[in-house]
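Q: Model the placement of chains U, C and G on the given structure of chain X, informed by the hints.
Spelled out, the chains give:
There are 4 protein chains.
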Amino acid sequence: MKPFTGIFTPIVTPFDQHDAVDEVAMARNVRRWMKTTLDGLVVLGSNVEAAQLEDSEADRVVELVRIEMPRDRALVVGTGRESTRATIAATRRAAAQGADAALVRTPGFFKSQMTAAVLERHYQTVADASPIPVLLYNVTMFTGVNLPVESVARLAEHPNIVGMKESGSDIGQMAEIVAQTPASFTLLAGSATTLFHALCAGCDGAVLALASLVPDACARLRELVAAGHVEEARALQQRLTPLARSVGTTHGVPGLKAALDLAGFTGGQPRPPLRPLSPPHIALVRSQLEALAAPPSVSTELGAVMSAPARI
Amino acid sequence: MKPFTGIFTPIVTPFDQHDAVDEVAMARNVRRWMKTTLDGLVVLGSNVEAAQLEDSEADRVVELVRIEMPRDRALVVGTGRESTRATIAATRRAAAQGADAALVRTPGFFKSQMTAAVLERHYQTVADASPIPVLLYNVTMFTGVNLPVESVARLAEHPNIVGMKESGSDIGQMAEIVAQTPASFTLLAGSATTLFHALCAGCDGAVLALASLVPDACARLRELVAAGHVEEARALQQRLTPLARSVGTTHGVPGLKAALDLAGFTGGQPRPPLRPLSPPHIALVRSQLEALAAPPSVSTELGAVMSAPARI
Amino acid sequence: MKPFTGIFTPIVTPFDQHDAVDEVAMARNVRRWMKTTLDGLVVLGSNVEAAQLEDSEADRVVELVRIEMPRDRALVVGTGRESTRATIAATRRAAAQGADAALVRTPGFFKSQMTAAVLERHYQTVADASPIPVLLYNVTMFTGVNLPVESVARLAEHPNIVGMKESGSDIGQMAEIVAQTPASFTLLAGSATTLFHALCAGCDGAVLALASLVPDACARLRELVAAGHVEEARALQQRLTPLARSVGTTHGVPGLKAALDLAGFTGGQPRPPLRPLSPPHIALVRSQLEALAAPPSVSTELGAVMSAPARI
Amino acid sequence: MKPFTGIFTPIVTPFDQHDAVDEVAMARNVRRWMKTTLDGLVVLGSNVEAAQLEDSEADRVVELVRIEMPRDRALVVGTGRESTRATIAATRRAAAQGADAALVRTPGFFKSQMTAAVLERHYQTVADASPIPVLLYNVTMFTGVNLPVESVARLAEHPNIVGMKESGSDIGQMAEIVAQTPASFTLLAGSATTLFHALCAGCDGAVLALASLVPDACARLRELVAAGHVEEARALQQRLTPLARSVGTTHGVPGLKAALDLAGFTGGQPRPPLRPLSPPHIALVRSQLEALAAPPSVSTELGAVMSAPARI
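Protein chains in written order, with our numbering: chain X, 26 to 337; chain U, 26 to 337; chain C, 26 to 337; chain G, 26 to 337.
Just chain X, same shape as in the assembly (with noise of 0.2 angstroms):
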C-alpha cells in the first residue's frame, strides 16, 4: 500500500499577545484536526511560518503536535534547510521526535548553482541518512528553483525516497511525474486552486492550506474524481477556489489566520514583517466560508461535505 497518501494539511503556529507559540491554542487546533477525515497534518511546511521560526520554537512545535496525534495519522516535517549537513541534522531532529516522514524542500537560496546534479546529490545524501521516509518537495513560487521531472524520476529509486510534494499548478509537469515515477510512488498536490486537476492528472493526494477550513470537502474531492464523477468533481472545485485563492496565493498565511479564526479554530496573528489581512479582506473571507456551508444550488449532497468543521 501506498503510503502519506489522501489529504493533509500544513498547520499554521498561532502566537499570543507576546509573540509565543500559544501552545493551547495549537493542541485544541490539533485535537479538532483530528475529528475529521484528514489523513496527516505537515508541521513546518514552508506556507506556515517555518521560515519565521526560531530553531527553539520549531522542536516544540513539532513536540506538541506529536502528543495531540494519534498514531494512526501521519505526522510529516519540513526539514528542508540551505546545507545538506543542516538538512540532516533537522531530519534527525524530527525522527527524534516521533515524525512519520520528512518533507524536504529544495535549497533555493544559490538558485544558479542548484542544478539537476546538485539538487540530486542533496537528496540522495540525505536520504541516506535519514532515519525516516523522504518525500521530496518542490515548490518554485518560493525557491525560484525547479526540480526537473527526470531528477524525481532518478531519486524516486532510493528506498527511502517515497512520494513528492509538488506546490506548482503546472498541470503537465504533475503528469509527467506520475507517468515517470513507479505505480508506488506517491504524488501530493500543494495547489488547493487546482486539486481536481492534479487529481485527475493522478496525484494522490495533497497538502493543502484549504484543508485546514474544509478537509472533508478536500476529500470529497478525492473520491468523485476516483469515482469518474468528473463533472461533480469540477463543480465541487469551483465552488472551492474562491476560497482556495484567498487562503492560498493571494493572501498567504495571513489569509488562513484569519479564515481559522472566523471558523472557530485559533490562527491568531501572523508575524512581521506579515502583516494580519484587512477587515475588507476578512470580510471577503469571511464570505467565501458561507459560501462553503451553505447548501449549494446544484446538489445539496455537496452541502453537507463542507458543514463538518466551520463554525463560523
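Accuracy of the hints is not assured; some may be wrong.
Pairs involving identical chains hold if they fit within one copy or between any two copies, as the list cannot separate such chains.
[Said to hold, decoys possible] Here are the simulated EDC-like cross-link-like pairs (lysine to aspartate or glutamate), alpha carbons at most 20 angstroms apart as the crow flies:
| no. | residue 1 | residue 2 |
| --- | --- | --- |
| 1 | K60 | E93 |
| 2 | K136 | E107 |
| 3 | K27 | D286 |
| 4 | K27 | E256 |
| 5 | K136 | D41 |
| 6 | K136 | E256 |
| 7 | K136 | E248 |
Worth flagging that the hints you see were computed from the coordinates, not collected in a lab.
A: Chains U, C and G alone, transformed into the frame defined by chain X:
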C-alpha cells in the same frame, strides 16, 4: 446546440520545390482528413505558417480548402491582425470565401498597450463587423499577451462571439474561463500535451496539430473523459504526449511537417527561416508515430483508435 | 568612418480623419526634423505602427519621406518580416525607393524555433540578397526573442551587416556587444530611459522616439559622454527620463503621438486597437515637455539644448 | 561626508577538512585584504554562504574578522532574516560584536506578501531598533523580491538608514535610486560585470566578490569614472568582466573559492549541496586571473593595478 465543439486541426501549407503553395498536395491532405472523425479544419491558424504567407497565398489556401470540405464540417479561418481595420477586412474576406467562423488572435505587437480595455474594444468592433461568428484566440506563448478571464467573460455576452481557443497549458485559467462564461460558450484547448487535463477542466474540444496525425485518438480521449473513464483517459494522454510534444512546442511547424510526411500526408519543407527537422529528430518522430500505431500493452482497445490515418 | 552613427528617430505615421495616411502632415513633420541636428530617420520601425500599415501605405510612406530628406541624412527603413523571402522582398523594395540602410527585426512569431543558428542563417541570407547595408535589430520586448551576443559577433563579420539597433535596456548585454564586435560595427541604442548608460557602454548613437521631440538634447547627451562629462550627462539623462518613459514603454505610440501634437508636430490619432492618450495622461506629457523647455535649475546651458523644436 | 562608500568585498568562509570554520585561514585572508585599498569587508553577506552557516558559526566569524580589522576599515555584517524580530536580534548581536553597519536583505520567502508597505514597515522597525546604521539590501536574483525605488526613497529619510546595496544589473533602476534619494544616501552596486555602468549611473562604490581577488583594480575603475576617463574605464571593465562573471553569476561561491585558492588566499571547499568547481572550470578561472595579472596590450598603467594581491 453548442457550435464549433469537437476536434479540429490547424492545417499546414505544403510548399513545392519552388517555395510555392503545392495546391494538389494540399487538396489531397484535406480529402484524407475528411475521411476521419475530425469535426473541422482551421486554416491560417498561428501554428501553421499563417505569419509567413503572402496575402494572395492566404486567399488561395482558404479557397482550396473550402472546395474540398463538405458543408457539414466546420471551416474556421484565422483572421487576426495587428490593426482592427485589417482584422475586419480579413474576416470579411474569409466570410466571403465560405468560412464558417473567424478565429481572431489577440493583437500582440504593442504588448504594453494591450490592456484589457483595448483588447475588449478590439474584439467588440470586429465582432460587430463580422458576417460570421467570431472565436477569440489567446495564444500567449506567441503573442506575449494574455486575454484576462474577466475580459473573456464580458466578451462572451456578445451575440457574435461564440467561443474561444485558449492555447496555453494553464489548466487553472481554463477552468476559470469555463466557470465564468455561459454554458453556450465554446472553449477549445490548443495544447495537445495537456488535452486530457483541459477536457477535465470542461473544454468542449480542441484545435490540435496532433489531430492532423491521430484525429481519432484525440476524439477518443474526449469520449473517455465524457464517460468518466479518468484512468483510461490518463493512460491515453500519456501515450499521446511524446508525439504531441514533438509536433507542438519542441519542434513546432517543422516537427509537424516531418510527421505528416512520415504518416503519408504531404508536409513538405517549412518556409525559411524555419528549418527542416534534422535526421535524428525525424527518427525520433518516426518512433513516436510507430509507438502510437502499435498495440499498447495496457489496452488493445486504444491501439485501434490510433491506426486509422498513420501509414508509416 | 563608421556608418549610421548618431541620433535617429523612428517617425510616426499621422492619419487623417478617414484613417488614411495624412501625407501633407507627414511631409511637414519631416521638413521640421530636417532643421534639427538629427542624423537620420527610421521609417517603418517597430515602434511606429509599421505592424499596422497596409503594404501599399508602407510603400507610400517611404516614398514621401525620401522626397523630403536631403541625401546627406540617412533614411533607414524597417524591413523585417516573419519569412526570409518576405524580408528580402521588403528590403529590395526599400532599396529601390532610396533607403540608405535596412533595419531588419528578428522574426519572432515562432519563438521556440528561433535558435541562434536559425536567426544567423536568416540574417546572412537577407544580407547576401540586400542591395543596401543591413542593420540587425533586436527588440526582445516586442518579439520575445533575444539575438545572442555570440550571433551578433558572427554576423558582424558579414560585409553587408554594418551595425545593429539593440532596443533593450540591459546595459551589460550592450557592453558585451561592443566588446565582441569590430570597431567598425555600429551599435545603436533603442531605449531613451537608459541612453546615457548605453552611450557610456560604448554605443555609437541611438534610435529614439524621444528624439522626435528633443533631438538636440539627445545629441547633446552624446557629446557630453564623449567629452567625459559624466556628471553633467547623468544630470541631463535625469531630466530627460520622465518624458522618455512616457513616449517609450509607458504610453508607447499613443504617448508619442500626443507629445508630437503638443510640440507643434502632427502626431494624430493612433490606429485602433491602440487608443488615444487620456486627458490626464496628456496633461502629464505636457508638463514633462514644459519641464524640459524651462531653464533647469542646475545649469543654464542644458536649457538651451531643449528649446529648439518644442513649441507648446 | 558620506558613510560606507568605496569598494567592499563579501568574504567567504573557509572550512577545514571536517567542514568546520578554518579560523586560522580566515584570519590570514583578512590580514591580507587589509593590505589592499579595500574600504571594508562584508561578513555574512548573501553571496558567501551565510545561508548555510549555523548561528554559532556566524557569531564566531564576525568576532574573528573584527579582531583582524583596524577600526578605520568598515565591518558590515549581514543581518537580514525572514522575520522582523529575528532580524532585529541579529542586528543587535552584530552591533555588540563591533559591526559598523548592518546590511539587511529583504525578506523573500513569502514573495507575494512582500508588498512595498510590508517591506517599508519591516525596514523602519529594524532601523528604529538598530544600534548601528542600516544599509538596505536588494538582491532580487536570490530573493525573488524587488524593493521598489519609491520605497527606497521613503526609507532613505530614516536617520538610521544610510545607504543601500543593490545587487541587480538593471542600470536604469540604479539611476532612478540615485535620482530619488538625497545626496547623503550611499548606493553600492553588487554586480561586478556591470560595475563601470553602475558607477556611471552614480553609485558610490560596490560590494563585490571580485574585489576579494583584484581590489585595487576595482578601486581604480572608480577613480577612472570619477575623473571622466570613460573610455579607459570601459576598457578596464572589459578586462575584468570574464573573471567577474566566473566568480559571480556563473560559478557563484564555488567559483570564488577556487579563484581565491589560485590567488594565494584560502578559499577551500564550498559546503554541500554546493559542489567544488570542476577541473576544466578551475583552468578557465586560472587563465582569467592570469590575463588580469599580465600587462594588458592597451595600457601598461592598467597592468599595475591588477598585480597586487594575485599570487598564482
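Q: Decide, hint by hint, whether the structure agrees.
A: Hint-by-hint comparison with the structure:
no. : hint         : result
1   : K60 to E93   : within (12 angstroms within a copy, 60 angstroms between copies)
2   : K136 to E107 : both (11 angstroms within a copy, 18 angstroms between copies)
3   : K27 to D286  : neither (34 angstroms within a copy, 45 angstroms between copies)
4   : K27 to E256  : between (27 angstroms within a copy, 18 angstroms between copies)
5   : K136 to D41  : neither (36 angstroms within a copy, 25 angstroms between copies)
6   : K136 to E256 : neither (41 angstroms within a copy, 34 angstroms between copies)
7   : K136 to E248 : neither (38 angstroms within a copy, 33 angstroms between copies)
Going down the numbered hints, you'll see the structure goes against 3, 5, 6, 7, while the others check out.
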